[in-house]
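Take 4 as the starting number for the sequence shown in the numbering used here and just add one per residue.
Derived by calculation from the structure, the hints in this document are not laboratory data.
Some clues are possibly wrong.
No more than 25 Å apart at the CA atoms, straight line, and that leaves these computed lysine to any residue pairs for SDA-like [unchecked claim]:
1) Lys46 <-> Arg11
2) Lys5 <-> Leu65
3) Lys29 <-> Arg44
4) Lys49 <-> Val59
5) Lys5 <-> Thr66
6) Lys29 <-> Ile6
7) Lys18 <-> Glu68
8) Lys29 <-> Cys63
9) Lys46 <-> Arg64
10) Lys5 <-> Pro38
11) Lys46 <-> Leu19
12) Lys49 <-> Pro21
Derived CB-CB ranges, DEER-like [said to hold, decoys possible]:
13) Glu68 <-> His40: 14 to 24 Å
14) Ser20 <-> Gly71: 16 to 26 Å
15) Arg44 <-> Phe12: 11 to 21 Å
Backbone N, C-alpha and C define an ideal beta-carbon position, used for all residues, glycine too.
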Amino acid sequence: MKIARTERFKRAYRKLSPENRQRARKAIRLLLENPRHPGLRVKRVKGTHHIWEARVSRSCRLTFEIHGDTY
Numbered sequence: 004m005k006i007a008r009t010e011r012f013k014r015a016y017r018k019l020s021p022e023n024r025q026r027a028r029k030a031i032r033l034l035l036e037n038p039r040h041p042g043l044r045v046k047r048v049k050g051t052h053h054i055w056e057a058r059v060s061r062s063c064r065l066t067f068e069i070h071g072d073t074y
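Given these sequences and hints, build the entire structure.
This is the structure we're talking about:
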């Protein structure tokens, strides 16, 4: 499985606090290891068919799409 980071993601990531950047890195690592990890609370974004979200922290989420083996 691979992760492709968009420019939009990169800009948003740079704006995160250092603590949330660390949490985002951990969430991405968990997503790669086990997309169904309970700590991520992965779910489809309501009203969409191809956009998913994973929990980074109580107030921070990351959204992603799945294209083959690339997130």
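TODO: Sort out which numbered hints this structure fails and list those numbers smallest first.
DONE: 12, 14
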